[in-house]
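Single-letter residue listing:
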Amino acid sequence: MISAREQILARVRAALASLPQRAPLPDWDRDLVQSRQATPSTDLWELFSQRFSAVNGRPLTDAADVARLLSAAGWHFGYCDPALWPLFSDVLLEPFRVETEYERSHALKYEFGITWATGAIAETGSLILTDGMTSSRLAALAPWVHVAVVERSSIHATIPEALEAHPRDPNIIWVTGPSKTADVEGIMIEGVHGPGVQVALLAPGPRA
Amino acid sequence: MGAQSIDDFAAGLSVQRQASVYQSSKDTHERRTQVLFDRFSDPDRLRRMAGDIKQHVIEHLDTYLPQVEERLKANGAQVHWAEDGEAACNAVLGIMRARGATKLVKSKTMVSEEIGLEAFLRKNGMESLETDLGEFIIQLDHDQPSHIVRPIAHKTRREIALSFEREGLGDYNDDPGAITQRARSFMRDKYVEAGVGLTGANFVSVESGRIVVVTNEGNSRFSLAGTRCHIALVGIEKLVPRDRDLGLLLNLLARSATGQQLSVYTEFISGPRAPTQPDGPDEMHVIFVDNGRTNALASDCREILRCIRCGACLNVCPVYRQASGHAYRSVYPGPLGAVLSPLLAGDRFADLADLPKASSLCGACHEVCPVNIPIPDLLLRLRARGKAEGAPRAAIGSPPMGVWALLATQPTAWKAALFGGRLLNHVHTKLIPVPALQSWARQRTLPPWRGGEFRKWMKERPRK
Amino acid sequence: MLHLGAMTPSERRPAETAPGGAGHLQPIVMDGAPNAPTGSAGGRSVQLMATCLCDAFFDDAARATVEVLEHLGVEVGFPEAQTCCGQPAFNGGDWVASRRVVRHTAGVFAGGHPVIVPSGSCAAMLRHGALLEFEKEEDLPVVQALAGRTWELADYIVNGLGVASWPGRYDAVIAFHRNCHNRGTRSEEASLALLRSICGVRVVAFGEAEQCCGFGGTFSVGFPHISGAMGNLKLDHIREAKPDVLVSGDMSCLMHLGGLAETEGRPIRILHLAQVLRDALRNPPAH
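Protein chains in written order, with my numbering: chain W, 1 to 208; chain R, 1 to 464; chain S, 1 to 287.
Source of the hints: derived by calculation from the structure; they are not laboratory data. Worth double-checking, as some hints may not be accurate.
To be verified - Below, in silico cross-link-like pairs of lysine-lysine (DSSO-like), each with a Cα-Cα straight-line distance of 30 Å or less:
1. K26(R) x K242(S)
2. K103(R) x K123(R)
3. K103(R) x K73(R)
4. K190(R) x K123(R)
5. K456(R) x K415(R)
6. K123(R) x K109(W)
7. K430(R) x K415(R)
8. K190(R) x K103(R)
9. K109(W) x K456(R)
Kindly generate the complete structure, drawing on both the sequences and the hints.
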């Protein structure tokens with residue numbers, strides 16, 4: 001009994017047997033996908049902020065702004081990666097209740113989650129999360145608000161550059177704004193399964 | 001002269017539904033055009049390159065498939081092979097049983113529709129929940145998707161609100177925001193309760209053994225964050241040679257599909273979760289599915305396997321816009337389906353031999369395809385096949401060409417027919433026993449027959 | 001004013017990499033034919049393929065084509081044995097019947113002269129469709145040779161003969177419809193350049209102009225509802241622009257749209273591009 005694998009590969013080989021030549025793999029240059037628009041700024045955080053805002057992401061530079069955003073809507077219960085807590089301990093005081101030890105059973109109850117982003121892509125306004133650096137996939141996804149903290153030096157200019165820099169990680173995800181759908185009559189609604197509010201906070205540090 | 005079923009279906013569509021399909025298709029197409037031309041000075045260069053890369057892949061599947069399998073295994077994924085729908089369904093069932101799972105949460109994957117996964121799982125005592133909002137609504141209504149990217153293009157908010165009410169999801173509320181919120185709340189626990197999360201794959205990189213899953217809603221991500229076992233159903237043609245080629249295809253996919261630069265969630269998965277990650281699957285399974293793809297590969301229409309399922313061809317197609325997806329009687333509608341569905345059908349080609357005829361060969365689909373598939377050429381090849389095999393469905397509405405060919409190869413007879421045709425000007429069209437003519441004349445006034453006039457003029461004019 | 005440049009060798013669009021051999025035809029890359037041999041002393045010599053539609057219904061469009069070409073100093077031959085380009089059977093899938101007709105046509109137009117066709121769809125049939133259906137045939141080279149010297153009319157005038165503007169006068173608001181077989185070719189640009197250059201002509205845009213009119217040959221017969229819906233949608237858009245006349249390089253589309261309009265009781269005026277060009281020559285331009 002030949003295995004399904006062998007059957008399929010045999011059928012593939014038979015299907016291709018009649019081709020006199022096979023199509024070569026063409027090479028292409030990054031220029032091919034270069035934008036024809038001049039980039040408004042060479043500062044990657046600025047460009048990222050613009051593109052991120054264009055997809056309704058919220059780029060912020062101050063942890064206090066994060067606190068204000070959460071306060072304004074009364075979102076007080078959340079999770080923060082313990083490695084990031086020093087950034088927020090001064091601003092997320094009562095009535096905020098922040099857990100730094102991840103509780104899976106609370107994941108669906110958190111109103112916000114704060115995690116690291118491994119990097120970002122300026123031209124698309126995307127955050128890059130990985131298993132290695134994001135302390136919990138659910139904490140970054142389930143709450144209404146996700147705050148991703150990103151270092152300036154980890155922002156890539158373009159998609160090809162981001163791909164080239166992909167770390168060895170079993171799970172890498174690019175997040176380009178809050179979750180959305182336009183399934184109902186083509187009308188865009190934000191906050192479907194993932195967050196309805198996607199924040200990118202620039203980590204404090206020396207300017208690149 | 002009998003009527004083609006796709007034409008009948010179009011004629012039977014409600015005005016409202018037709019308008020809904022038309023407008024949403026047109027809007028999406030216009031957004032696509034705008035984002036591509038805003039960004040690239042020559043989008044056609046990208047399309048041609050992407051097409052060449054995908055053509056290369058499909059012509060080298062014999063080497064790439066074993067390669068990607070090796071890489072996936074090295075990454076910690078388990079690889080399965082399914083020759084047909086039944087085998088694929090059984091593979092999914094086998095994995096669920098081995099995990100002791102009875103619930104599965106599912107993201108959008110057209111392959112799962114192809115194989116009839118949901119019905120199969122239900123029959124075997126398993127629960128399968130659609131998580132994509134559109135597919136979720138389809139599931140509630142026991143309906144079929146009418147578009148590969150926008151499954152409920154044919155539904156109004158009112159219809160959806162009634163369905164939600166009927167299914168106990170709340171009182172009637174047709175506000176799209178409210179509908180979405182209800183689906184969100186309903187779905188949340190299901191992800192963590194389910195034993196298995198099933199996705200498709202938009203691309204698989206042979207170089208790194210990474211599968212790429214793309215959504216706007218985050219539902220596939222949720223399955224991958226909530227459940228402990230991941231199954232990816234992947235058509236064997238979804239491969240991409242190098243990670244860098246993803247850079248080209250990702251630049252094209254969302255723009256072509258929805259007019260976005262990128263979809264919200266672009267996930268690159270190369271194995272079960274990292275040991276330090278508390279959430280995510282311990283096990284990852286990739287099921288490579290043939291289900292007729294090798295038929296397509298062996299045919300003279302193999303270019304269709306380049307398809308990256310963006311739906312741009314549907315959105316621009318004037319026939320799709322008039323008929324809507326359900327007219328095509330298959331999982332894949334529109335220009336894509338008109339080529340792919342009859343090919344995947346294998347021995348049952350004849351059942352779908354009318355699909356390639358449902359086209360005026362305008363070529364708009366070819367123009368918008370991000371991988372430059374020459375769809376009109378493929379439709380023509382399939383028409384030739386339908387004729388050669390004598391498929392009855394293909395013959396409907398096709399006037400026999402024997403007499404015409406005879407006349408057109410006998411100039412004397414041709415000229416006689418030209419001159420003789422003038423008699424027809426005195427006969428009411430209804431009385432001329434040519435079905436094609438009758439069909440034509442029902443809607444359009446025939447111009448007067450003037451056969452021979454030009455030739456006479458050409459012959460009799462004074463020569464210099 | 002009228003400008004007759006030397007016959008320019010057209011540049012083929014950069015050839016796309018050919019994946020696999022003979023089994024793989026490229027997507028349509030339509031462009032002008034390569035340099036045609038010069039005709040008899042003192043002028044160019046072409047052969048006219050009038051098209052079966054003009055042969056049967058639209059003799060004035062064929063006449064106008066001849067008059068326009070002769071005005072440009074071109075000698076126009078009309079091989080009497082011509083019949084049809086073979087497209088109806090090709091589109092329907094009866095490639096056996098179609099090939100018979102294409103072989104006859106190739107024989108009729110043998111001889112190496114440029115073949116001028118006042119129809120984008122017939123030109124596309126000879127330049128592309130025939131190559132598809134002759135892929136596995138021994139006489140493919142014959143068909144390829146014919147393809148290489150077949151020109152759609154407007155493309156020939158502008159790119160073959162180098163005509164940049166058209167003389168005379170034609171007072172009308174014109175809506176121009178481009179046949180779908182001209183997608184990716186230079187015919188649309190050429191047609192519009194000619195029309196816009198005519199004194200008195202105003203070309204008006206209309207909605208969804210790039211969408212198909214719904215004729216599609218036997219498609220109109222097999223799928224009457226959809227074909228009619230597509231045609232009526234286009235007529236609605238055209239009427240909104242309030243043109244005096246609907247012009248195209250293809251009588252097939254015009255026959256469909258004109259026929260629909262007439263049955264509806266709201267007839268529209270239709271003209272082939274050649275007829276406009278010819279009529280313009282009959283009027284002196286205003287000063």
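The hints, checked one at a time:
For the suggested pair K26(R) and K242(S), the alpha carbons sit about 24 Å apart, so the restraint of at most 30 Å is met. Restraint check for K103(R) and K123(R): the C-alpha separation of about 13 Å stays at or below 30 Å, so the hint holds. A threshold of 30 Å between alpha carbons decides the hint, and for K103(R) with K73(R) the separation of about 26 Å falls inside it, so the pair holds. Distance hint between K190(R) and K123(R) is fulfilled; the C-alpha atoms sit about 20 Å from each other, no more than 30 Å.
As the CA atoms of K456(R) and K415(R) are separated by approximately 11 Å, the hinted pair is consistent with the 30 Å bound. Between K123(R) and K109(W) the CA atoms are separated by roughly 34 Å; this puts the pair beyond 30 Å, and the hint is violated. Pair hint K430(R) plus K415(R) holds up; C-alpha atoms about 24 Å apart against a cutoff of 30 Å. The straight-line distance between the Cα atoms of K190(R) and K103(R) is roughly 9 Å, inside the 30 Å bound, and the hint therefore holds.
Taken as a hint, the K109(W) and K456(R) pair is broken in the structure, with Cα atoms around 87 Å apart against an allowance of 30 Å.
Checked against the numbered hints listed earlier, the structure breaks hints 6, 9; every other hint is satisfied.
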